[in-house]
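Chains as they are written, first to last, in the numbering used here: chain A, 2 to 336; chain B, 1495 to 2038; chain C, 27 to 565; chain D, 7 to 335.
Fair warning: there could be bad hints in the mix.
Facing chain A, a subset of chain B residues (Cβ under 8 Å, in silico) [unchecked claim]: (1) P1762; (2) A1763; (3) A1766; (4) E1888; (5) G1908.
Rather than coming from a laboratory, the hints here were simulated on the basis of the structure. Think of the CB as a built atom: it goes at the ideal place given N, C-alpha and C, for glycine as much as any other residue.
Listed here are the chains, written in short residue letters.
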Amino acid sequence: MTNTLTLPEPEAEAAPAPASGARQVRRRLLARKSALAAAAVLGLLVLLALGAPLLAALEGQDPNAYHDTLVDSARGGVPFGGFGGISAEHWLGVEPGTGRDLFVRLLYGARISLTVALGATLVQVVVGVAVGLGAALGNRFTDSLLSHVTDVMVAMPLLVFAIALVAVVPADFPRPVLLVVAIGLLAWGGMARLVRAQTLSLKKLDFVSAARLTGGSSWRIARRELLPSLAAPVITYAAILLPTNIVLEASMSFLGVGVKPPTPSWGQMLSTATTWFRADPLYVLLPALMLFVTTLAFTVLGDGVRAALDPREASRLRVGRSRRTSRTSGAGGAQ
Amino acid sequence: GPKQGGDAQGGGGAPKKGGTLTVLNRAPQKQFDPARLYTSGGGNIPSLVYRTLTTRHRANGAEGTKVVPDLATSTGTPSDDAKVWTYKLKDGLKYEDGSPITAADIKYGVERSFAPELSGGAPYLRDWLIGGDTYQGPYKEKKGLDSIETPDAKTIVFHLKKSEGDFPYFATSTQFAPVPKAKDTGAKYAEHPVSSGPYKLVKNTGDGEQMLLERNPGWSEETDKERHAYPDRIEVKSGLSSAVINQRLSTGSGADAAAVTTDTNLGPAELAQVTGDKKLADRVGTGHFGQTDYLAFNPKAKPFDNPKVREAISYAVNRTSVVNAAGGSSLAEPATTFLPDQKSFGFTPYDHFPAGATGNPAKAKELLKEAGYGDGLEITLTHSTAQNFETSPEVATAVQAALKEAGIKVKLEGLEDNDYDEKIHSVDKQPDLFLAHWGGDWPSGGPFLAPIFDGRQIVKDGANFNTARLDDPKVNDEIDAINKITDHDAAAARWGALDKSIGQQALTVPLFHPVYKRLYGKDVKNVVISNWTGVLDISQVAVK
Amino acid sequence: MTSEPLVAVDGLTVAFPTAGDGAVRAVDGLSFALAPGGALGIVGESGSGKSTAAFALLGLHHGTGARVTGSVRIAGHDVQAAEDAELRRLRGPVAAMVFQDPLSSLDPYQAVGDQIAEVYRTHRRDASRRAARARAVEVLDRVGIADAARRARSRPHEFSGGMRQRALIAMALALQPRLLVADEPTTALDVTVQAQILGLLRELRDETGMGLILVTHDLGVAAGSVDELLVMKDGRAVEQGPVRTVLDAPREQYTRELLSAVPRVNVRRAPLRAPEADGAVLLESTGLRREFGRGKHALTAVDDVSLTVRAGETVGVVGESGSGKTTLGRMLVRLLEPTGGELRYLGRDIGGLKERELRGFRSELQMVFQDPVSSLNPRRSIGESIADPLRALGKLNDNQITSRVRELLERVGLDAGAYHRYPHEFSGGQRQRVGIARALAPEPKLIVCDEPVSALDVTTQAQVVALLGELQRDLGLALVFIAHDLAVVRQVSDRLVVMRGGRIVEEGPADSVYEQPRHPYTQGLLAAVPLLEPAKAPA
Amino acid sequence: MTGYFLRRALGAVVVVLVLSAVVYATFYIAPGDPARLACGPRCNPEQIRQVREQLQLNDPVYVQYWHFLQGIVAGHDYSTGTGVLHCDAPCFGLSYQNNQQVTDLIIQRLPATASLATGAMAVWLLLGTGTGLLSALRRGGATERVLTWLTLAGTATPVFISGLGLLMLFCAYLEWLPFPSYVPLTDDPEQWAWNMLLPWAALGLLESAKYARLTRSSMLETLAEDHIRTFRAYGIAERSLIGRHALRGALAPVIALSAADFGSMFGNAMLTEMMFGLPGIGQLLVTSTQTIDLPVVVAVVMVTGTAVVIANIAADVLYAVADRRVALR
Ligand SMILES: Nc1ncnc2c1ncn2[C@@H]1O[C@H](COP(=O)(O)OP(=O)(O)OP(=O)(O)O)[C@@H](O)[C@H]1O
Ligand SMILES: Nc1ncnc2c1ncn2[C@@H]1O[C@H](COP(=O)(O)OP(=O)(O)OP(=O)(O)O)[C@@H](O)[C@H]1O
Ligand SMILES: [Mg+2]
Ligand SMILES: [Mg+2]
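Whole structure, please, built from the sequences with the hints as guidance.
Right under this line is the structure:
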């Protein structure tokens, strides 16, 4: 068949290590300070995105209002005043050329960027897992067919197709949804390969054979026996896909097929900010920083979740740290 | 007001021959066949290789909008109400291989531009020459076009269907470059064109991305008053991003010190940076090209069939934010006239719907109420998604923000550039309101106004530019009348008057005229930027 | 020469931190000594801390998070106090270790000879590359690898299991260590190969005078190879003394239990009930065949196997590793599709049925898997795993299922409250019981037990064997009992099948095969079984 | 073995054909009329009709596609007006834009893209793998943390930002490097390398985080393997333990994934190429997409698709060669 090669999960193992229930997973997750911090950061980002209108009202600004008097028209529209025009009215300064408020645009941008990133990643995970499982569990023909379809997807130059897709779809189709679908449906090849490879090796394990002997359907086996074990590698891979998707959205904006103006997104902000490196560094830095923080948070959280799903991680915890979590330990008298 | 434009001269000292000039460009010179180049695009690198019957006067500013003889001894002798144009070739004209340039070669050059294999180019030859509308080029119709006569090797006569006082301007385009029939390789000619200009093409790789031009021994300075050809070699590197081009020019290390660009402006961000740096600011040339960026209506569609709505929008527009979105006041000048503010176009100032610097939403609301839209109005504005600072999302959002003040809710429809281009120029699919821009094929009112407002130029299934579908016999007659005038200044005045009177109908909302800021390398001398193209003229540049 | 012992362990305690509170004390206050040239066997049930103790001898717990207290002295080196550099000097030349699993203990990417040469050169800095390589060939030759010069260039995957284990011993030998620590060196091997390796160890000791610590759970293996014996339980030494004394006159109750649990190949099975030779035919295979791969790489794992299993009887299947036992077993329950031959269940040909068509009677044919680790889903509680077949049957409601699972758990000797616990919370033996409970749940007619006890220590092994016998008696199950340990099989089987190279070489009533083996291969197998009591030869 | 390759080659052909058909169809229905674009900005209907005929755009789409495939296998003759242009197999047709042979266009641009992909791969192998190794062996160190953040930042930064940033820093501000301008390797290897340095860095950085994570996990996994324990028990120093025994096993999946990614760089490095003005395949793809130059688009996608498929086969083979325990199937 086609290749079984994919990004192996960090700390992948031949036979999955013993794990335990959701409660223990949560406990282990809570024991990781870094994961908690990452979750907090992400929670904050989501809150900021959701609360954008409130915060905008608090600042007293509108994301699309022009402020012609705040920019130096003769000098390419660079904001007056230092640091990109930061002032009491405009907490993070204003956009060059238009004078639109950057703080509010950044917040509203989070809505789109997080939606697109999470949505597209979700689509990739769902399609990738479905196709990967289908290929690994199906018969020779299904496997060959799905693997070839996966190959076609992987071989597609993504951006060009995204451009074509956006051009083909009617202009009044909601753009964020289109971006989610375009990115999600074009870039699931890696996920499918990962899932297929992992499933093939899981399939060799006896507990899957045992499940077959119960006379359950393939779907039942996949759901009960395979999906839980696939969670760890899928989460790790998804944490890498997520920033890639945000960057993809930015690249699509750069090529003119991103969100529709005047809607802001971090990607759109980055793509218009490109040339402002020197004249107004803050303009570039702000969205770039948001992107980086999001990436970091998702990576750290993904690591945390993956580790929490891996019970071997428990014995890796240092003794000193484990004592602190002892109070929460309730389930099962593990040795 | 009067333009001082193109004042840059580059580094001090008299220009000398020698050295290598580097051209850093964005777009590769994909087309190099003289038949396929479009007039206004055909003036840069191709103009170093192809000489034409007439040419642009290579001078700064308004002086550069003049047309002057090139291969011909004059800009052309009109007869029969400017329906017949006769040219005589200069003596001693040679190709790169030393063979003489003949009038038959120029005729052949014009004819081959009709071949579908060599598509591209401007529509004027087809529209103007007798028999041009059906002629299929010399490959299919060997006998050639009867409306071009070459009574002897040095004389060429063009017979037109109608009077065209602007013919000398049109004769600057590369279709009027000589092509020796024996050397013509059809679609492959561009790979090895036979040079009549000061340079010949030595290398062309990557589909026009990297080119090397060297001196053409067949060219003699005596026959060419316009091109200087100071550098020994010209190296073209394209496919670069504009940010990189400007950064390279400002850093100017190595070969970049002797570099220019012919297709890249300073963007707003770069301008902000350059103006803060005296040394860099000295290396910026300013150019004007006759162009207007405007809002185009379809006055046949609701609600724009109501002149009051169009007027309301004219009043509501905030030109300051539009100009800012287009890069700020150094890169765009607010426009209230359709004609560019240059004398050669016949610029006549007017402002029929004074919106002031930042728009007059009160007046707009009033007009809307009168038109029956007192409760507000919802419209769609179509624009391109290309980031060109002209028809781009930024400008559209600026319009959107201004109209909001007047109670007009604007929905934006951004189209991918091809889609946009096809839609706005299609009679059937044309959006009702969209951002458009129009530049003159040469600095005259004719090519500026006629395609947009001449009712006979409404093209049903080709590229239509009369997007207002104006078909007013009075306008049409006036256009015909002015076309008969061969005195440019006299014609200009009438074009100006025509523009002013059409303006009253509010068929368009002129927004701004772009201004070009061209950065060049620190070793570059003799910088000439004419108002014909607004482009830095590489035939004038010296690097020593 | 000093009178100092080669190994002196005093009050050794090793504790592993755990996620919950505190730590697991794998070794708890262990003390023993070994004179130069002596041989000590460490025996005990699984999880009793044998390996952990052995690792401590070489300081292998350094830097792992395990807390080690007490003192370990090897040939005068204080292992506990030693710096990394000193430890490195100790490991190899003074004390060398041979690990349990020869499959994974060698670098898969490098030639075996190079690996030995590398170890040699690490400690003999003056040795040239060439000399090191020559030494590698020499020791490989010494451990009985034919054509050693050529085979030294092979990679581990080109070696058989026995050869790999020999290579590991050769690696130890290259440095002529004063002490060899062998951690279950033969558990992964067949009896015949095991006999060779044990013989080799004996020879080497005689030749080089090195000391030996042999860690094993097989008392038979220890019996023939060591002078002293140490019995461990829960990290502590239960009994210690000369091997014959401990085996013949055990002082401790635990040792006695351990000894009595060891299956004897030369003892007849106690009849469960009156033999009903004419039970109805349940499963019948004729000329069953299974190939893997295609074309040139095709391998026939099972070839022309004809077998009949009657209701209520136990058919034992023995044979060396790779002889096709598992493949046969999986075909019998139709986890694998046969490539040829016929397979009849209650008269119906099920050999070629599709997965969907099999569903109807899937639950009637069950299997207990060889590997207790991989046969339970680590992410689901054991109760859910056992309940699965019941759910799939769809006859019972949730409450009934839960009470049935509790009943099953108790039936196999587990606490009914274990329902919500996860596999990793159980020992190997317990997991195997869970596997049996799962197989029993749908009330099958036949269970194929694939080496159900080979991963277990003798006591647990005895318990599981007894359990299976009991269940069979109570429920009238038919069993196919696969194992490579002939003694275990003898305890349970009515009939015996001996496999080799995918074919059946001998078949017959268990007692007659054991007592009068006809095929030379069967005879060889029986002769290689290590015996606790050397005096008594098989009858 | 031959059987394996035959099977894979057949699969590759199928994949590339399907890919080309999908592209053909997509761009066929995408807005924009190639004839109009080729004709020029102000064409009258008659001209457009002539050009459409000239480009054979009047045939039904499947006929056009069939002609396209025919050209690849058998070559094609085109009229230049004055003569006949032989386009030898594999002929991907002529560009709608300027009648250039698409095959030539692609061949001219392959070296730049190959250079970019090769160097970027070196960067992600060095930076990504290095970071991964460091974090596997020395968890929690400051260097490791900084490098990890750097690679994550690289992944989270679009190349049009990081590329420009690198240019500004190294070429404009520090002036350590000339502004990149592609010099073919065959012309001047040294200049080639200097000019490619920044594009390599920008693209390599984008991929590094993935490799850092992969390497780290792979290394930890290998270090936990039994054979490592064997050598540790024989007093082999930690350094040679890692260098000689762990690295190879740990890097096998990294190398294999690199091979696969190397292939996909051919079609996906377009933004890097645009940013640095590299005359590569990706840039060609973008410009031809913009002008709906169908033969070029489809041909480029077929070439990049082939690169991906070949790279995947190479990845599988490399993996099997590196790790003998894996069998090709
Ligand atoms: N790294 C570890 N972390 C936590 N507990 C461990 C670790 N290694 C071993 N143990 C525990 O220590 C105890 C002793 O394990 P050890 O491997 O020494 O047993 P053993 O006697 O060798 O058993 P077997 O015969 O199965 O090999 C067991 O309960 C085991 O679960
Ligand atoms: N899925 C498979 N693909 C290819 N070969 C296989 C497969 N399963 C088993 N084999 C091969 O078939 C032969 C018989 O294997 P099987 O597992 O049945 O042996 P076994 O008698 O159970 O051995 P052991 O005692 O080691 O468990 C072996 O050579 C093995 O390598
Ligand atoms: Mg052990
Ligand atoms: Mg087996």
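Practice task
Hold the hint about A1766/B up to the distance rule: shortest CB distance to chain A must be less than 8 Å.
Solution key: For A1766/B, the interface hint holds, since the closest Cβ of chain A sits about 4 Å away, which is under 8 Å.
Practice task
Let me know if the C-beta of P1762/B comes in closer than 8 Å to any C-beta of chain A, holds or violated.
Solution key: holds (3 Å)
Handout entry: Interface hint status, G1908/B versus chain A (Cβ within 8 Å)
Key = holds (5 Å)
Problem - E1888/B as an interface hint toward chain A, with CB separation required under 8 Å - result: holds (7 Å)
Practice task
Against chain A, run the beta carbon of A1763/B and see if the smallest gap drops under 8 Å.
Solution key: With a minimum Cβ separation of about 4 Å from chain A (threshold 8 Å), the hint on A1763/B holds.
In this structure, every one of the numbered hints holds.
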